[in-house]
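Student: These are the residues of each chain, in order.
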Amino acid sequence: MKSYDIVIVGGGPAGLAAAIAAKEAGNDSILILERDKELGGILNQCIHNGFGLHTFKEELTGPEYADRFKQKVFELGIDYKLGTMVMNIEGDRTVTAMNREDGMFTIPAKAVILAMGCRERSRGALNIPGYRPAGIFSAGTAQRLVNIEGYMPGKEVVILGSGDIGLIMARRMTLEGAKVKLVAELMPYSGGLKRNIVQCLDDYDIPLKLSHTVVDIEGKEHIEAVTIAEVGPDRKPIPGTEERYTCDTLLLSCGLIPENELSLSAGIEMNAVTGGPTVNESLETNIPGIFACGNVLHVHDLVDYVSEEAKRAGYNAAKYIESGCRAGNTSGNIEVVAESGARYTVPKTIDTGRMEDLLTVRFRVGDVYKDSFVSVYFDDERVMHNKKRIMSPGEMEQIVLKKDELVKRSGLKKIVVRIEGE
Amino acid sequence: MDKRELTCIGCPMGCFLTVMLENGEAVSVEGNTCQKGDIYARKEVVNPTRIVTSTVKLEGSDRSRVSVKTSTDIPKSKIFDVMKEINEAIAKAPVSIGDVIIKNVAGTGSDIIATGNGDLI
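If you read the protein sequences in the order shown, they are chains A and B. Position 151 (the first sequence) corresponds to 151 in our numbering; numbering is contiguous. Position 60 (the second sequence) corresponds to 60 in our numbering; numbering is contiguous.
Since the hints were derived computationally from the structure, they do not count as laboratory data. Keep in mind it's a predicted model, so treat the numbers as computed, not measured. Be aware that a few hints might be false.
Unchecked claim - List of simulated lysine to any residue pairs, SDA-like, C-alpha gap at most 25 Å:
hint: 1; chain 1: A; residue 1: LYS179; chain 2: B; residue 2: THR33
hint: 2; chain 1: B; residue 1: LYS92; chain 2: B; residue 2: GLY109
hint: 3; chain 1: A; residue 1: LYS72; chain 2: B; residue 2: ILE113
hint: 4; chain 1: A; residue 1: LYS57; chain 2: B; residue 2: THR7
hint: 5; chain 1: B; residue 1: LYS57; chain 2: B; residue 2: PHE80
hint: 6; chain 1: A; residue 1: LYS387; chain 2: B; residue 2: ILE113
hint: 7; chain 1: A; residue 1: LYS370; chain 2: B; residue 2: PHE16
hint: 8; chain 1: A; residue 1: LYS155; chain 2: B; residue 2: ARG50
hint: 9; chain 1: B; residue 1: LYS76; chain 2: A; residue 2: LEU53
hint: 10; chain 1: A; residue 1: LYS179; chain 2: B; residue 2: GLU88
hint: 11; chain 1: A; residue 1: LYS70; chain 2: B; residue 2: CYS11
hint: 12; chain 1: A; residue 1: LYS194; chain 2: B; residue 2: VAL45
hint: 13; chain 1: A; residue 1: LYS72; chain 2: B; residue 2: VAL100
hint: 14; chain 1: A; residue 1: LYS57; chain 2: B; residue 2: PRO75
hint: 15; chain 1: B; residue 1: LYS57; chain 2: A; residue 2: GLN398
hint: 16; chain 1: A; residue 1: LYS155; chain 2: B; residue 2: GLU85
hint: 17; chain 1: A; residue 1: LYS194; chain 2: B; residue 2: ASN47
hint: 18; chain 1: A; residue 1: LYS70; chain 2: B; residue 2: LYS57
hint: 19; chain 1: A; residue 1: LYS194; chain 2: B; residue 2: MET20
hint: 20; chain 1: A; residue 1: LYS155; chain 2: B; residue 2: ASP81
hint: 21; chain 1: B; residue 1: LYS36; chain 2: A; residue 2: LYS70
hint: 22; chain 1: B; residue 1: LYS36; chain 2: A; residue 2: SER3
hint: 23; chain 1: B; residue 1: LYS84; chain 2: A; residue 2: TYR204
hint: 24; chain 1: A; residue 1: LYS37; chain 2: B; residue 2: PHE16
hint: 25; chain 1: A; residue 1: LYS370; chain 2: B; residue 2: ILE113
hint: 26; chain 1: A; residue 1: LYS72; chain 2: B; residue 2: ALA93
hint: 27; chain 1: B; residue 1: LYS84; chain 2: A; residue 2: GLU38
hint: 28; chain 1: A; residue 1: LYS370; chain 2: B; residue 2: THR33
hint: 29; chain 1: A; residue 1: LYS57; chain 2: B; residue 2: ARG42
hint: 30; chain 1: A; residue 1: LYS155; chain 2: B; residue 2: THR7
Go ahead and model the full structure; you've got the sequences and the hints to work with.
Tutor: Here it is as structure tokens:
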């Protein structure tokens with residue numbers, strides 16, 4: 001097997017953007033490994049529009065957005081292997097993969113970029129009681145069946161969870177003639193984007209029941225009905241609030257989990273909140289030369305942000321190799337801390353020596369906040385105080401740090417991101 | 001004067017818009033952070049429109065469907081008429097992004113165009 005400087009695991013939006021950026025930063029030895037039969041990842045089945053407003057200043061569908069990046073990869077002559085499953089990544093950056101043509105093979109890479117994306121939370125992980133009949137799908141599986149394979153999973157649909165894929169599928173199934181009876185959401189707020197509530201549910205009079213969950217599933221061979229109940233503040237069902245809905249399909253859109261089995265076996269340190277690797281300003285994990293970006297790092301709401309982040313990872317991987325694989329400065333790093341309302345930050349540490357002029361720090365909030373402030377503290381001094389009309393856990397927030405401001409404060413130990421009422 | 005509150009669908013920001021109406025016409029829009037929001041609000045209160053995306057059956061390719069969209073936004077009331085024509089259409093490979101699959105779909109003046117590629121086998 002040919003050896004490569006940079007091996008990118010995953011050919012979805014993150015992997016493609018990382019590859020392009022690494023190539024444009026001057027590296028000519030890049031390989032993308034993709035397990036599907038084409039590049040583009042999940043975008044290929046996201047046929048709805050709304051992608052690319054930030055990146056291309058126009059509204060594209062998923063396949064169109066992916067195609068822009070694919071064409072660029074072809075143009076730049078970046079190598080890729082399809083139908084290839086990565087089996088293992090070692091801490092020394094040796095990647096083991098297999099496919100039908102090459103069998104099993106290993107590549108000793110100088111840098112690895114993790115871009116494996118995420119997976120949907122399954123029924124098993126949700127602990128829904130009741131029978132285990134056919135007709136229960138994750139929203140993404142249904143999306144693939146309808147949009148790629150051309151099959152309708154059913155005609156009478158109940159959706160549990162108000163994540164974006166669930167909302168998109170509520171509209172998609174309705175357009176294809178199904179009756180979507182309701183979307184039930186355990187939390188008191190939606191997990192999806194506001195615009196999707198409007199254009200996927202409100203447009204088609206599909207009810208959204210917040211603080212509701214499925215407490216029973218009926219049907220022996222195939223699903224016949226579900227029972228929905230209201231939940232209290234403790235998220236436990238309230239007796240007496242049960243309602244029965246007949247249905248032949250139950251879709252689950254209950255959150256996404258970064259797919260990090262490979263990262264774990266490589267010995268990469270994980271962030272318990274995001275389920276993704278802990279990274280520094282270069283999006284580098286605790287293992288020098290292994291970078292992460294996109295949904296494997298933390299679940300994004302917009303693909304535009306994935307592309308932006310992945311570009312940084314690709315660029316940094318190329319720079320890492322250019323510098324002779326110099327590890328980052330591990331001492332004297334500035335710690336980035338999420339507090340009161342902010343759940344996490346990516347990155348978690350900043351080495352001003354390796355930082356670019358502007359650094360985007362992304363985070364999510366843990367609750368719905370109206371007319372609140374995103375505050376940033378350098379040690380104990382508040383340096384940023386931006387008002388936001390609304391923030392919700394379904395949407396990613398960001399702040400931008402300037403290198404010269406960090407450098408000016410020698411001895412800065414801690415940057416704190418906080419949500420404040422005033 | 002009537003007041004209507006909307007959530008902008010122009011982009012994923014989802015700005016809260018407040019539209020003041022007089023005799024069914026929008027006289028002012030507040031809460032938008034870009035021009036798109038203003039345009040959306042004025043249209044939404046008089047003649048709401050949407051882009052429709054779906055798939056069309058594809059023949060002669062290793063894929064069974066090709067994804068499509070309306071080339072422009074169409075009146076909301078026409079969505080299901082458009083879907084009916086989309087579901088009756090059959091595309092023949094090869095198909096490339098941007099190819100017109102249905103001209104003037106459901107009399108809307110908008111075309112159905114491919115958003116994916118389908119190679120010939």
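Student: Could you run down the list of hints and mark each one as holding or not?
Tutor: Here is what the structure says about each hint:
1. A:LYS179 with B:THR33: 36 Å, violated
2. B:LYS92 with B:GLY109: 23 Å, holds
3. A:LYS72 with B:ILE113: With Cα atoms ~22 Å apart, LYS72 of chain A and ILE113 of chain B stay inside 25 Å; holds.
4. A:LYS57 with B:THR7: 20 Å, holds
5. B:LYS57 with B:PHE80: 18 Å, holds
6. A:LYS387 with B:ILE113: 41 Å, violated
7. A:LYS370 with B:PHE16: 12 Å, holds
8. A:LYS155 with B:ARG50: 24 Å, holds
9. B:LYS76 with A:LEU53: Holds, at about 22 Å.
10. A:LYS179 with B:GLU88: With Cα atoms ~20 Å apart, LYS179 of chain A and GLU88 of chain B stay inside 25 Å; holds.
11. A:LYS70 with B:CYS11: Answer holds: LYS70 of chain A to CYS11 of chain B is near 24 Å, not above 25 Å.
12. A:LYS194 with B:VAL45: 18 Å, holds
13. A:LYS72 with B:VAL100: It holds: about 24 Å lies between the C-alpha atoms, which stays within 25 Å.
14. A:LYS57 with B:PRO75: 23 Å, holds
15. B:LYS57 with A:GLN398: With a Cα-Cα distance of about 41 Å, the restraint between LYS57 of chain B and GLN398 of chain A is violated, given a limit of 25 Å.
16. A:LYS155 with B:GLU85: 20 Å, holds
17. A:LYS194 with B:ASN47: Holds - the C-alpha atoms of ASN47 of chain B and LYS194 of chain A are around 21 Å apart, at most 25 Å.
18. A:LYS70 with B:LYS57: It holds: about 24 Å lies between the C-alpha atoms, which stays within 25 Å.
19. A:LYS194 with B:MET20: Status holds; Cα separation ~21 Å.
20. A:LYS155 with B:ASP81: 19 Å, holds
21. B:LYS36 with A:LYS70: 29 Å, violated
22. B:LYS36 with A:SER3: Violated: LYS36 of chain B and SER3 of chain A sit about 48 Å apart, past 25 Å.
23. B:LYS84 with A:TYR204: Holds, at about 16 Å.
24. A:LYS37 with B:PHE16: Not satisfied, since the Cα-Cα distance of roughly 41 Å exceeds 25 Å.
25. A:LYS370 with B:ILE113: Roughly 40 Å separates the two Cα atoms, so the pair is violated.
26. A:LYS72 with B:ALA93: 23 Å, holds
27. B:LYS84 with A:GLU38: 30 Å, violated
28. A:LYS370 with B:THR33: 17 Å, holds
29. A:LYS57 with B:ARG42: 21 Å, holds
30. A:LYS155 with B:THR7: 29 Å, violated
Hint compliance for this structure: hints 1, 6, 15, 21, 22, 24, 25, 27, 30 are broken, all remaining hints hold.
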